[in-house]
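Asker: Each residue of the sequence shown is one higher than the one before, starting from 30 at the first, in the numbering used here.
Hints are not guaranteed to be accurate.
Using 20 Å as the maximum straight-line C-alpha spacing, the simulated EDC-like pairs for lysine to aspartate or glutamate come out as follows [claimed, not checked]: (1) Lys158 to Asp147; (2) Lys85 to Glu96; (3) Lys87 to Asp147.
Derived Cβ-Cβ restraints for the label pairs, each shown as a range [as the list claims (entries may be wrong)]: (4) Met30 to Lys92: 23 to 29 Å; (5) Glu43 to Gly144: 44 to 50 Å; (6) Gly37 to Ala149: 30 to 36 Å; (7) Glu84 to Asn31: 34 to 40 Å; (8) Gly37 to Glu96: 36 to 42 Å; (9) Gln81 to Pro163: 22 to 28 Å; (10) Glu47 to Ala121: 15 to 21 Å; (11) Glu84 to Glu43: 35 to 41 Å.
Please keep in mind that the hints were generated in silico from the structure rather than gathered at the bench. Glycine included, each C-beta is placed from N, C-alpha and C at the ideal position.
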Amino acid sequence: MNYILSEGTLTLPEAVQEQSITLLKLPKARATLVVTRAWDVQEGEEARYLQQQLEKVKRDMKKFAAEKVQEALFGGLPAQEVAMRFENQGVAVVQKLLVARTATHLMTLTFSRAGSFDAASLAVWQDIKKGFIPAAGSEA
Numbered sequence: 030m031n032y033i034l035s036e037g038t039l040t041l042p043e044a045v046q047e048q049s050i051t052l053l054k055l056p057k058a059r060a061t062l063v064v065t066r067a068w069d070v071q072e073g074e075e076a077r078y079l080q081q082q083l084e085k086v087k088r089d090m091k092k093f094a095a096e097k098v099q100e101a102l103f104g105g106l107p108a109q110e111v112a113m114r115f116e117n118q119g120v121a122v123v124q125k126l127l128v129a130r131t132a133t134h135l136m137t138l139t140f141s142r143a144g145s146f147d148a149a150s151l152a153v154w155q156d157i158k159k160g161f162i163p164a165a166g167s168e169a
């Protein structure tokens, strides 16, 4: 199996289950995108998982507030999305949290920025969601 990294391609002796956390800085948007994967969340448990994530942020951060969970699309995949804000070490943070079920697991994306979202950063978030292309043969 070939596994593609930004630095190059690894040739591995067998298929793998990706457990990584991907942290991407978006300098122009002054934002960060984090992608995680949850292999242990069963189909139908997405809403419970999302609520657990919200409870964790609420417990760990100050001045937490979240909007109502909305239905969304991640590429062509149905997803749930929620906007929130909180304070982390004295810094006001806004965040979009999205969960989407792929053919094999749950993907979670968090799009975060200090202060507030402006029109340009919200456009970046929309482009990220619209631009997702599932891996051929495994995620559609």
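Asker: Each hint needs a verdict: does it hold in this structure or not?
Answerer: Quick rundown of the hints versus the structure:
With a CA separation close to 17 Å, the supplied pair Lys158 and Asp147 stays within the 20 Å bound. Annotation: proposed proximity of Lys85 to Glu96 holds, straight-line Cα distance about 15 Å (limit 20 Å). Between Lys87 and Asp147 the CA atoms are separated by roughly 24 Å; this puts the pair beyond 20 Å, and the hint is violated. Restraint check, Met30 to Lys92: a C-beta distance of roughly 45 Å breaks the suggested window 23 to 29 Å.
Between Glu43 and Gly144 the beta carbon distance is about 45 Å. The supplied range of 44 to 50 Å therefore holds. Under the hint 30 to 36 Å, the C-beta atoms of Gly37 and Ala149, about 32 Å apart, fit the expected range. Take Glu84 and Asn31: their Cβ atoms lie about 39 Å apart, and the range 34 to 40 Å holds. A hinted range of 36 to 42 Å holds for the C-beta pair Gly37 and Glu96, which are about 40 Å apart.
For the pair Gln81 and Pro163, the beta carbons lie near 25 Å from each other, so the given range of 22 to 28 Å is met. Distance hint for Glu47 and Ala121: a CB-CB separation of about 32 Å, inconsistent with the stated range 15 to 21 Å. The hinted range of 35 to 41 Å is satisfied by Glu84 and Glu43, whose Cβ atoms lie roughly 37 Å apart.
Comparing the model with each earlier hint shows violations of hints 3, 4 and 10; every other hint is respected.
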